[in-house]
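Protein chains: 2
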Amino acid sequence: MSKIIVQKYGGSSLHDTRAILAVAERISASHSDEISIVAVVSAMGSTTDELTNLASQLNKTPDRRELDLLLSTGELVSCTLTTMALQAIGKPSKSLSGWQAGIYTDNRYGRAQIKDIDISPIMNELNVGNIVIIAGFQGIEDGSDITTLGRGGSDTTAVAIAAALNAERCEIYTDVEGIYSADPRLVPYAKKLNHISYEEMLEMASYGAKMHPRSIELAMTYNVPIYVASSFNYNEGTLIHTDLFSKMPPINEHRKKVTSIATTHGYTKFTLTQVPNRAGLASQIFEPLSEKDISVDEISMNAERGNTTDLTFTVDSVDRDKTNDVLEQLKTTLDAGGVIISDNLAKISVIGTGMREESGYAALMFTTLASKGINIDLITTSEIRITCLIDAADLEAGAKSLHEAFELD
Amino acid sequence: MSKIIVQKYGGSSLHDTRAILAVAERISASHSDEISIVAVVSAMGSTTDELTNLASQLNKTPDRRELDLLLSTGELVSCTLTTMALQAIGKPSKSLSGWQAGIYTDNRYGRAQIKDIDISPIMNELNVGNIVIIAGFQGIEDGSDITTLGRGGSDTTAVAIAAALNAERCEIYTDVEGIYSADPRLVPYAKKLNHISYEEMLEMASYGAKMHPRSIELAMTYNVPIYVASSFNYNEGTLIHTDLFSKMPPINEHRKKVTSIATTHGYTKFTLTQVPNRAGLASQIFEPLSEKDISVDEISMNAERGNTTDLTFTVDSVDRDKTNDVLEQLKTTLDAGGVIISDNLAKISVIGTGMREESGYAALMFTTLASKGINIDLITTSEIRITCLIDAADLEAGAKSLHEAFELD
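Keeping their order, the protein sequence lines are chains A and B. Quick note: the first sequence, position 188, residue 188 per this note's numbering, numbers continuous. Quick note: the second sequence, position 68, residue 477 per this note's numbering, numbers continuous.
Derived from the structure by calculation, the hints contain no laboratory data. Just so it is clear, CB atoms sit at the ideal spot from N, CA and C, and this is done for glycine as well. Some hints could be false.
Claimed, not checked - Here chain B is said to cover these stretches of chain A; the calculated rule only asks that three of the stretch's residues, wherever they fall, bring their Cβ under 8 Å from a Cβ of chain B: (1) 48 to 58; (2) 93 to 105; (3) 376 to 387.
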């Protein structure tokens, strides 16, 4: 029995037929008598956006069941073309759609979760020597409707298949060379990390890195090592796994407690001021937002019974106007003082598993930002992360100063 | 139980979102409490050609199994978009891919034939009041691979579904207003036929009209009336059915024996000269052509045992060079005298069920063409058709003169 490696190629690595041929050559080079390859592909380039745009021309609120069947075609195109390219260079291979690959999901169209994978269709192809190319981002629910997995879907497909097949590892090929100590576009001297833990990656995925948290969670649950690297060169990428220490030098006195600075932008902050506090206030506010499909990001509320309170939260800026509509209605219903909006906000985070053992990181972060004259709008923390909401214009200066302060250079 | 009408919309009727919305409005207008609608759609505009082109960039001879899965996406896009458009104008509807609609085929990828239709998925949707939009041109074989039906596939899907559902009729909406007594681009005063028999339509489909013979054969076998009309206006189209006489005036002394002049072009004629005749000669020639996927059109061979013979046949001009390669090899193997090629040929046919009762039609056809100085390269006939191979440059003059000679004006 040969080893199995699962690979995943993103849309930017498959933007035209030339790029698809290059991916086919990479897959072919990875394949050998000892190593079986299953490759999961995203839709070519901006196909998914183009299909979504066509749908919205015909229907402002397209039915999700229809939209999922429509969007699933993007990966069918890329997986069949990749298979044809492999066959053209002499490698036996076969494409499988999500449902052909035995990927069963619940029926939450547009954000379905994988319930089960029947590995026999994939194993049947591997056993006859085929490289298997799988359409990412999609599956089938019990009633034989096609579903899509939503954001980060193809990564999730790849990790889930790697877990189901008990693969050696899951390789995510993308347009960056791996995971960095900070976004190289903001901090040009940011360092590529050769190793990172699932927990750190999970925080970074939520706070700026290009992977979706759900695929990291899945990998952590099933202990699937993930290797993130560029599809455009053969430089070493980043391995995300549990046993960090086994791969590190035995003497490690100077191990850094902070691994990286994560950055994201495109947030709008809303504050509902002087809201008379009462039981169930939070649900009265967040329920109507959820009904409008607005995903609330960070929430800050410090309520005392019987008094009025200010309630602050952030949303993705694309939801700004929808959120404002909801709040203007709520202002009257809840007898609030007013609605304050702050646009163009960004989040900057310091992440590292070492942080849970020692204190002082928050203070260093706040001092460093203050020394650059950067105002902090909101603070949230996890065990291994501290996040500050700041003005987007301050993001680059903030990232550089924190990268230096935490000695990541 | 309401009546069921099956409609089919071709790619030129669905070339962009505006056209799709217009189709949705037509479907909506046909639908009522008494009439259930099942609509079969082709891929938008030139999608199938574009996908085929992408495939050929990666693989000169793409695997048919992969190509079928790739091409099937074109109709998935158009059927989901049409459904969304119907929902946007307030009509409950649901899309079904070929396999979701229960269309089972054999496994001859690229030219699969429908083996069975499980009508329950369609009936389930009709029973809850949905308009059902089905992806044409595709099905599924036993092993759960997607297949496509080849040329004329969506027409075949529509007729087969109409037969399975015992529908009132199958309406084919296209970019022409119906079936004409001759191609209106050649004979501007050609008349639209309100009625035509399956047999006549079958000959015309093979010899110039826009429908594929297989869908006509299927309709004839299951006695499904087909109505061909424009998707761009509401002018009366052509009804293709069996009981012609019941729809015609009772006294019919002057019923025309010839219904129409059919025209096609794009043929190349090959003649292999002075071939020593022997048993199995035809198969020695046509077997290698078939292996190269060259479809031979008309064949003329008049062989006497023991002598040499000339063997003539026509092919679609796109296969010209492939055919020449095969014949150059065969010339040596078979010790033939030479290969003669005639390009830019066309076929002109006189069609009518009345022809089988009387003679003299062939003579009138040949005399008419001769009077215009048109040379005849090859003659083939069926019970209700006479076809002459002529120079493509003579097609218009030939069609006009025959239209007049057979009193179709």
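> Counting residues of the stretch 48 to 58 of chain A with a beta carbon closer than 8 Å to any beta carbon of chain B, are there 3 or more?
Replying inline: Coverage by chain B holds for the stretch 48 to 58 of chain A (5 residues, Cβ < 8 Å).
>> Using C-beta distances, would you say chain B covers the stretch 93 to 105 of chain A, given that this needs three or more residues below 8 Å?
In response: That given contact holds, which follows from 4 residues of the stretch 93 to 105 of chain A lying within Cβ reach (below 8 Å) of chain B.
>> Under 8 Å between beta-carbons, do enough residues of the stretch 376 to 387 of chain A, three at least, approach chain B for the coverage claim to hold?
In response: It is violated, with 0 qualifying residues against the three required.
Consistency with the previously given hints fails for number 3 only.
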